[in-house]
Amino acid sequence: MHPQLQDAIKQVSEQVIGKQQQIKLAFTCLLANGHLLIEDLPGMGKTTLSHALATVLGLDFSRIQFTSDLLPADMLGLNIFDSAKQSFEFHPGPIFNQLILADEINRASPKTQSALLEAMEEKQVSLDGETRALPTPFFVIGTQNPMHQSGTYPLPESQLDRFLMRIQLGYPDWQAEKKMLLGHDNTTLKSKPTVMSVSHFIEMQQQITQVNVSEPILDYILKLVTHSRETDGFPNPLSPRASKALLQASKAWAFLHGRDYVIPEDIQAVLPSVAEHRMRAALSDFNGQTSLSEKLLEAIDPLAA
Amino acid sequence: MISSARNHAHFILTLVFLCISLSLLEPVMGWILILVVCAAVMRGALYLELHKHAPSIRTLNLLALLSAIVLAYFSLQLGVLLGMINLLVLACSLKLMLLRSLKDYYQLVTCCGFLIGCGFIFHNSIGFSIFYLFLTLLLLLSLACNVSPSSTLNANFKRVAVMGAQALPITALLFIVLPQIGPLWQMPTSKSHQTGLAEQVSPGDIAQLSQSADLAFRVIFKDQIPAPQQRYWRALVMEQFDGKTWRVAPERKAIQNQYKRFNKEFDPALQGPYFSYTIIAEPTHQNWLYSIDIGIPDGPENANRIWQSHEYQLTSTTPLVSNYQYKLRSYTQTPLNQALFSVDRRINLQLPSQGNPKTQEWVKSLRSQYPDDQDLINAVLAYFSEQPFIYTLQPPLMQINSVDTFLFEQQQGFCSHYASAMAYVLRLAGIPARLVTGYQGGEMREGAFMSVYQYDAHAWIEALHSDKGWQRYDPTAVVAPNRVEFGLRAAIQEAGELIDSPFSLSRFSAIAWLNEFRMLLKDIDFMWTKWILGFDKNSQKDLIKSLIGELTPQKLALFGVSVIGIIIILLALFFLPSLRQKNQDTITKYYQKSEKLLQKLKIYRLPHQGPMDFAMSVESKLPNSLNQPFMQVTHVYMQHQYQKNSQQQKLRNKVLIKHKWSALKKAVKKQIKR
Numbered sequence: 001m002h003p004q005l006q007d008a009i010k011q012v013s014e015q016v017i018g019k020q021q022q023i024k025l026a027f028t029c030l031l032a033n034g035h036l037l038i039e040d041l042p043g044m045g046k047t048t049l050s051h052a053l054a055t056v057l058g059l060d061f062s063r064i065q066f067t068s069d070l071l072p073a074d075m076l077g078l079n080i081f082d083s084a085k086q087s088f089e090f091h092p093g094p095i096f097n098q099l100i101l102a103d104e105i106n107r108a109s110p111k112t113q114s115a116l117l118e119a120m121e122e123k124q125v126s127l128d129g130e131t132r133a134l135p136t137p138f139f140v141i142g143t144q145n146p147m148h149q150s151g152t153y154p155l156p157e158s159q160l161d162r163f164l165m166r167i168q169l170g171y172p173d174w175q176a177e178k179k180m181l182l183g184h185d186n187t188t189l190k191s192k193p194t195v196m197s198v199s200h201f202i203e204m205q206q207q208i209t210q211v212n213v214s215e216p217i218l219d220y221i222l223k224l225v226t227h228s229r230e231t232d233g234f235p236n237p238l239s240p241r242a243s244k245a246l247l248q249a250s251k252a253w254a255f256l257h258g259r260d261y262v263i264p265e266d267i268q269a270v271l272p273s274v275a276e277h278r279m280r281a282a283l284s285d286f287n288g289q290t291s292l293s294e295k296l297l298e299a300i301d302p303l304a305a
Numbered sequence: 001m002i003s004s005a006r007n008h009a010h011f012i013l014t015l016v017f018l019c020i021s022l023s024l025l026e027p028v029m030g031w032i033l034i035l036v037v038c039a040a041v042m043r044g045a046l047y048l049e050l051h052k053h054a055p056s057i058r059t060l061n062l063l064a065l066l067s068a069i070v071l072a073y074f075s076l077q078l079g080v081l082l083g084m085i086n087l088l089v090l091a092c093s094l095k096l097m098l099l100r101s102l103k104d105y106y107q108l109v110t111c112c113g114f115l116i117g118c119g120f121i122f123h124n125s126i127g128f129s130i131f132y133l134f135l136t137l138l139l140l141l142s143l144a145c146n147v148s149p150s151s152t153l154n155a156n157f158k159r160v161a162v163m164g165a166q167a168l169p170i171t172a173l174l175f176i177v178l179p180q181i182g183p184l185w186q187m188p189t190s191k192s193h194q195t196g197l198a199e200q201v202s203p204g205d206i207a208q209l210s211q212s213a214d215l216a217f218r219v220i221f222k223d224q225i226p227a228p229q230q231r232y233w234r235a236l237v238m239e240q241f242d243g244k245t246w247r248v249a250p251e252r253k254a255i256q257n258q259y260k261r262f263n264k265e266f267d268p269a270l271q272g273p274y275f276s277y278t279i280i281a282e283p284t285h286q287n288w289l290y291s292i293d294i295g296i297p298d299g300p301e302n303a304n305r306i307w308q309s310h311e312y313q314l315t316s317t318t319p320l321v322s323n324y325q326y327k328l329r330s331y332t333q334t335p336l337n338q339a340l341f342s343v344d345r346r347i348n349l350q351l352p353s354q355g356n357p358k359t360q361e362w363v364k365s366l367r368s369q370y371p372d373d374q375d376l377i378n379a380v381l382a383y384f385s386e387q388p389f390i391y392t393l394q395p396p397l398m399q400i401n402s403v404d405t406f407l408f409e410q411q412q413g414f415c416s417h418y419a420s421a422m423a424y425v426l427r428l429a430g431i432p433a434r435l436v437t438g439y440q441g442g443e444m445r446e447g448a449f450m451s452v453y454q455y456d457a458h459a460w461i462e463a464l465h466s467d468k469g470w471q472r473y474d475p476t477a478v479v480a481p482n483r484v485e486f487g488l489r490a491a492i493q494e495a496g497e498l499i500d501s502p503f504s505l506s507r508f509s510a511i512a513w514l515n516e517f518r519m520l521l522k523d524i525d526f527m528w529t530k531w532i533l534g535f536d537k538n539s540q541k542d543l544i545k546s547l548i549g550e551l552t553p554q555k556l557a558l559f560g561v562s563v564i565g566i567i568i569i570l571l572a573l574f575f576l577p578s579l580r581q582k583n584q585d586t587i588t589k590y591y592q593k594s595e596k597l598l599q600k601l602k603i604y605r606l607p608h609q610g611p612m613d614f615a616m617s618v619e620s621k622l623p624n625s626l627n628q629p630f631m632q633v634t635h636v637y638m639q640h641q642y643q644k645n646s647q648q649q650k651l652r653n654k655v656l657i658k659h660k661w662s663a664l665k666k667a668v669k670k671q672i673k674r
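Chains as they are written, first to last, in UniProt numbering: chain H, 1 to 305; chain C, 1 to 674.
None of these hints come from the bench; they were simulated from the model. Keep in mind that the hints are not guaranteed to be accurate.
Straight-line C-alpha distance at most 30 Å; calculated DSBU-like pairs for lysine-lysine [what the hints assert, rightly or not]:
1. H/223 - C/654
2. C/650 - H/244
3. H/295 - C/589
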């Protein structure tokens with residue numbers, strides 16, 4: 001595994017105990033320059049995880065708590081008339097930060113949701129005819145409650161698509177929860193040192209583009225997406241954007257594991273987080289059903305010529 | 001050991017075997033069929049899980065021993081062919097009871113395929129061909145179920161059907177193109193197969209034959225179709241009479257053999273108009289052929305395989321074991337006066353030493369009344385027409401002095417009675433006469449072909465005139481003119497004597513649409529016989545000729561080679577891409593070989609498992625001595641597959657993986673020995 005990233009992961013693991021795999025996936029997502037959606041019940045450590053990520057990577061961090069009455073201006077900022085200068089002055093909203101935690105994104109009204117998603121896609125904000133660039137890197141970590149909880153506006157498929165990955169945290173296991181109860185304290189969060197600088201992080205993202213993807217790997221990805229399109233049982237087949245996302249994420253995963261080439265296992269590791277939320281019909285609940293991505297993976301032999 | 005419970009492959013195989021055995025009802029002995037049914041029921045019970053345990057091998061060995069002894073006892077009577085078929089069916093039924101391993105299963109499938117082939121010895125009508133084709137498909141379905149037991153029956157059937165459909169054009173092409181080689185071995189004949197006319201006739205024999213609606217032969221006329229009165233199909237000439245039975249004269253046979261030895265064929269001089277036709281004869285397991293007088297083979301092809309003998313009779317050089325097609329020309333107006341008069345006279349004046357005193361008396365008086373031969377013959381025919389003779393299929397038995405009884409007391413009989421009596425009478429009067437058996441009539445299918453059935457069998461006589469030669473007389477025609485003009489059915493319709501089988505379609509010939517249907521079936525059967533069963537060297541030549549023009553050996557060779565070449569190229573195009581891919585990538589090949597080595601140790605890669613995951617799982621399952629070399633193989637493979645490689649690196653990897661693979665092989669062998 002990449003030494004520096006290993007340190008970073010180790011540090012985050014101290015905050016979010018027993019979730020090694022999810023933390024690795026979260027790093028992968030950020031390394032692949034994508035936005036992350038964390039979906040789980042309240043109190044499972046979604047906020048803690050995003051906070052820890054920001055701290056470790058030394059990113060500017062802000063948190064927007066989404067509620068049903070949150071307006072786009074509350075998030076993006078607004079022009080206020082300065083009587084002293086006799087002119088409008090722009091007051092940037094919380095979105096002008098490198099890492100945004102959009103908490104409970106599905107509780108906001110569709111209008112606000114789409115303002116955020118537009119910013120995510122364009123990496124800029126248009127306000128009163130003026131376009132303002134968002135800082136680089138710019139990441140959104142959205143958290144959402146499962147659909148069946150009351151007072152939620154589900155994100156449509158087109159917007160779910162903007163998130164490179166979706167992960168679920170799930171309950172910690174016995175040992176981890178015991179360790180947490182024994183004395184872990186959230187207040188120590190702020191005092192943790194940064195592991196790497198922002199410029200270093202951007203450099204890593206550059207290196208990821210150099211990761212080698214061989215012909216068999218491309219074939220494997222294509223076989224997977226084609227299978228989802230040609231076989232019954234996949235309500236939303238994978239789009240070309242999805243196959244691109246899959247490639248990007250697996251490259252980042254390979255890099256995270258200190259390799260400069262992608263192997264089928266990389267794809268298999270990231271596919272559930274990259275593809276599951278794209279293949280699910282928007283309203284269907286993912287809990288308690290067999291995973292579509294597992295079904296997809298089991299159908300294809302990665303070594304077949 | 002594989003279980004039969006819910007095993008589609010086994011069940012279908014059982015069904016196929018049962019069907020084949022039942023279709024061989026005639027040649028296979030009853031007790032073997034019972035064994036077959038027992039085996040099938042046993043398999044059925046295992047399949048439905050009504051019963052759990054197959055019989056033990058000891059029981060089966062005992063059963064096999066006993067069956068072998070019984071079969072050996074019977075086999076002397078059965079002859080080679082039937083004995084072997086019985087043996088095969090018996091062995092298969094025992095194997096079916098034993099069926100435990102994959103090896104047993106494959107043996108049984110192969111044997112069933114062979115049995116289907118055997119079925120064609122006994123049945124080759126279109127119905128049976130379709131039936132056997134269906135069985136073959138079922139057999140393939142069973143194999144498909146065996147190979148992929150997890151797919152549904154439907155999916156397997158679809159696969160087999162698609163493959164069968166793909167094979168069809170190739171089959172057709174090969175059927176047309178491949179040289180039609182004659183059978184490589186002689187089909188053993190047995191008495192039970194002889195059908196149709198026999199080499200001896202007692203009055204009453206032909207009456208039996210007339211109950212049979214089996215086909216005797218078919219005729220395709222080139223242009224001219226002879227009138228019903230002309231349709232006397234000569235088959236056999238009988239020249240020896242013992243007072244009851246007519247036989248082919250032994251002297252005649254001796255003469256024929258002599259001529260055959262010197263290869264001197266009878267070659268009658270022919271004159272006048274003629275008509276040409278093709279005959280497709282049903283198998284009789286005999287040599288004689290049918291013709292209208294005077295028939296000669298048309299073309300050298302036919303002349304080579306047909307022998308013309310001095311009684312104007314045609315015989316084939318080989319027995320008719322399957323449908324036999326030949327072309328003839330008939331010169332109807334040429335008199336039959338060209339063969340050895342003296343011999344004919346001598347043979348045909350032979351008389352039984354005693355008996356029939358009344359007839360002798362009567363003939364003496366006739367002779368004194370009519371010194372001229374022709375007058376005498378007319379007088380005899382007149383006697384038949386004036387006296388109240390009855391044409392019947394069921395005449396009373398006439399044991400002693402049968403001709404006397406027939407002529408003066410009973411006065412009922414069938415064609416053979418009339419012919420036999422008249423020939424005898426003429427011989428008594430010093431006129432050489434002989435009995436001819438064959439067929440008379442034929443059912444014409446409009447614009448197509450004529451079918452002649454066994455019930456058209458007939459007997460008539462020939463008398464020798466010093467100038468005109470042999471002249472045909474048919475006393476039956478005098479008694480029952482309908483017989484000759486409209487056929488047997490018309491002649492005795494009122495009598496209600498024809499015992500048709502209740503299912504025979506000809507019984508309903510009065511119902512128009514049924515009759516139409518019967519005719520359609522006949523047409524299909526005719527096409528089948530002509531184009532599939534009768535497709536021999538000559539038809540093949542004709543067909544190819546019509547396709548590519550005049551035949552030269554070079555052209556023919558080129559044609560054959562190109563057709564086979566096309567098939568090979570098509571197959572190559574189909575298979576080459578996958579073959580080439582495999583060849584090109586040595587490293588992948590060695591990785592797959594390594595996987596196979598591990599399979600010997602019962603370690604399988606899950607179909608979706610990547611190489612790394614697989615190597616990890618191997619590591620947890622195997623001792624270090626084994627997983628070390630496999631890990632190395634995996635490393636080389638992964639480097640080759642997923643990393644950027646220089647040309648040099650690629651070459652190095654190729655050498656490396658062979659090395660690692662052989663190390664793995666050694667380790668696996670060691671492990672297995674342990």
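Consistency of the hints with the structure:
1. For a cut-off of 30 Å, the pair hint linking residue 223 of chain H to residue 654 of chain C stands: about 27 Å separates their Cα positions.
2. For a cut-off of 30 Å, the pair hint linking residue 650 of chain C to residue 244 of chain H stands: about 29 Å separates their Cα positions.
3. Taking the CA atoms of residue 295 of chain H and residue 589 of chain C, the gap is near 28 Å; set against the 30 Å cutoff, the hint holds.
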